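Colleague: Each chain, letter by letter, is given below.
Number of protein chains: 2
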Amino acid sequence: MSKYGEEIPNHTREDIMEATFVALCQHGYADITMEKIAEGSDKSKSTLHYHYGTKEKLMVDFIKFLLEGFEDKIVPNSDDPLEKLNTLIDRMLFGLKEGDTHERFHTALLELRSQAPYNEKYKKQITKNDEVIQKIIVKIIEEGIEKGKFKDTNPERIATIILSAIDGARARQISTDREAAENVREALDRIIESTLMKNSRGCKQ
Amino acid sequence: MSKYGEEIPNHTREDIMEATFVALCQHGYADITMEKIAEGSDKSKSTLHYHYGTKEKLMVDFIKFLLEGFEDKIVPNSDDPLEKLNTLIDRMLFGLKEGDTHERFHTALLELRSQAPYNEKYKKQITKNDEVIQKIIVKIIEEGIEKGKFKDTNPERIATIILSAIDGARARQISTDREAAENVREALDRIIESTLMKNSRGCKQ
Chain Y
1 MSKYGEEIPN HTREDIMEAT FVALCQHGYA DITMEKIAEG SDKSKSTLHY
51 HYGTKEKLMV DFIKFLLEGF EDKIVPNSDD PLEKLNTLID RMLFGLKEGD
101 THERFHTALL ELRSQAPYNE KYKKQITKND EVIQKIIVKI IEEGIEKGKF
151 KDTNPERIAT IILSAIDGAR ARQISTDREA AENVREALDR IIESTLMKNS
201 RGCKQ
Chain X
1 MSKYGEEIPN HTREDIMEAT FVALCQHGYA DITMEKIAEG SDKSKSTLHY
51 HYGTKEKLMV DFIKFLLEGF EDKIVPNSDD PLEKLNTLID RMLFGLKEGD
101 THERFHTALL ELRSQAPYNE KYKKQITKND EVIQKIIVKI IEEGIEKGKF
151 KDTNPERIAT IILSAIDGAR ARQISTDREA AENVREALDR IIESTLMKNS
201 RGCKQ
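Just so you know, the protein sequences line up as chains Y and X, in that order. Residue 132 in UniProt numbering sits at position 132 of the first sequence, with consecutive numbering throughout. Residue 86 in UniProt numbering sits at position 86 of the second sequence, with consecutive numbering throughout.
Just so you know, these hints were derived from the structure itself, not from any lab. The structure displayed is predicted, hence computed values, not measured ones. Check the hints yourself; a few may be wrong.
Each pair may be met inside one copy or between any two copies, as identical chains are not told apart.
As the list claims (entries may be wrong) - 30 Å max Cα-Cα, derived DSS-like pairs, lysine-lysine:
| # | residue 1 | residue 2 |
| --- | --- | --- |
| 1 | Lys147 | Lys124 |
| 2 | Lys123 | Lys55 |
| 3 | Lys36 | Lys198 |
| 4 | Lys149 | Lys121 |
| 5 | Lys147 | Lys57 |
| 6 | Lys135 | Lys36 |
| 7 | Lys151 | Lys123 |
| 8 | Lys43 | Lys149 |
| 9 | Lys57 | Lys149 |
| 10 | Lys147 | Lys36 |
| 11 | Lys151 | Lys198 |
| 12 | Lys151 | Lys43 |
| 13 | Lys64 | Lys198 |
| 14 | Lys149 | Lys64 |
| 15 | Lys36 | Lys121 |
| 16 | Lys43 | Lys147 |
| 17 | Lys55 | Lys147 |
| 18 | Lys135 | Lys149 |
| 19 | Lys73 | Lys151 |
| 20 | Lys149 | Lys123 |
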């Protein structure tokens, strides 16, 4: 059996990924070590090294793992494109569970993003994640247009502003004392209304 | 004369700040040291320590310095609120000068943002910067409303989405291979048109 990645048994990988999540929330990216991850898992440090070799490789798999979790847990199941879009935005902005863990976790993610320019492997996987998430939003908007619920607009462009605003709100929420997420949620409501909804209030004047 | 901050002679502070800017672009925040900053300045490492004591204190003054530079260099002078807003967005998204320096510099800023949850002093100064910049945008929008150029909308909310989208676009630009800034610029055009402009195309359907 080869080392690193694909062939790690599912339950082993899941256990390591869960422990990585907890360690990232607790210590932040800069202070995380294979040892600290191993402490929160039922695997030893040497097992982690056996499967991943380096912290960098483990982190790349962790970013990949997040994407799998995103599709399973964050993308809502609904026939109504507007409800689907709104629920997805809420989950991305406020998390599945609110509170400290959500914020600490996004802090660690922001640290990973800020390392991407120095680390081609992080950059590649973050790009892939962003592209998949962008496509999910585009698909919801396209579905809304097809069903006649949304205006015939440019889905790529609206998806980009929604995702950039969410990313920016998270970064501001983390790095300032401002309540960015609530404001951005309100602003996105307005954006959705004026750019996607037919007969929007914005068009009465 | 007291150490640290206020009473550093202007030309000394400016020289240190310029050197900090260059060192941040070159090394990134994680690898920057007082020694590396001193190398790019005509001041010695001990002069830096005399004035600032620690790298942390120097960085806080650097974030403050950026805000002063923002008001002088980034905020455009124009009587037309729409032109003022558009020029400001362009400068924030694409920089005064395009290219590598702009991107490296924003990478360092993103690193500083990602450290804010662990560093109350960074958080405080970044919050202050964000609030001043938010107020500048709000004022432009209010001016546009007063002059009858913009719809009577909620300036705080529109300013929040503009700034969050810019922050998010920068973070995506830095951490992925996607061309986020161009897309966000296009999307913001649409947002400005549909939420601020009277008789916008978005209202014809």
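Colleague: Next step is simple, just say for each hint if it's right about the structure.
Modeller: Each hint tested on the structure:
1. Lys147 / Lys124: neither (35 Å within a copy, 47 Å between copies)
2. Lys123 / Lys55: both (15 Å within a copy, 28 Å between copies)
3. Lys36 / Lys198: neither (52 Å within a copy, 57 Å between copies)
4. Lys149 / Lys121: neither (40 Å within a copy, 47 Å between copies)
5. Lys147 / Lys57: Neither way: Lys147 and Lys57 sit 43 Å apart in one copy and 56 Å across, limit 30 Å.
6. Lys135 / Lys36: Answer is neither; intra-copy 35 Å and inter-copy 43 Å both fail.
7. Lys151 / Lys123: neither (34 Å within a copy, 41 Å between copies)
8. Lys43 / Lys149: neither (50 Å within a copy, 64 Å between copies)
9. Lys57 / Lys149: neither (44 Å within a copy, 53 Å between copies)
10. Lys147 / Lys36: neither (50 Å within a copy, 59 Å between copies)
11. Lys151 / Lys198: both (6 Å within a copy, 19 Å between copies)
12. Lys151 / Lys43: Result: close neither inside a copy nor across copies, 52 Å intra and 60 Å inter.
13. Lys64 / Lys198: neither (37 Å within a copy, 45 Å between copies)
14. Lys149 / Lys64: neither (33 Å within a copy, 47 Å between copies)
15. Lys36 / Lys121: Classified as both: same-chain Cα gap 22 Å, cross-chain 27 Å, threshold 30 Å.
16. Lys43 / Lys147: neither (49 Å within a copy, 66 Å between copies)
17. Lys55 / Lys147: Neither: 46 Å inside a copy, 57 Å across copies.
18. Lys135 / Lys149: within (19 Å within a copy, 36 Å between copies)
19. Lys73 / Lys151: within (28 Å within a copy, 39 Å between copies)
20. Lys149 / Lys123: neither (36 Å within a copy, 42 Å between copies)
Checked against the numbered hints above, the structure breaks hints 1, 3, 4, 5, 6, 7, 8, 9, 10, 12, 13, 14, 16, 17 and 20 and satisfies the rest.
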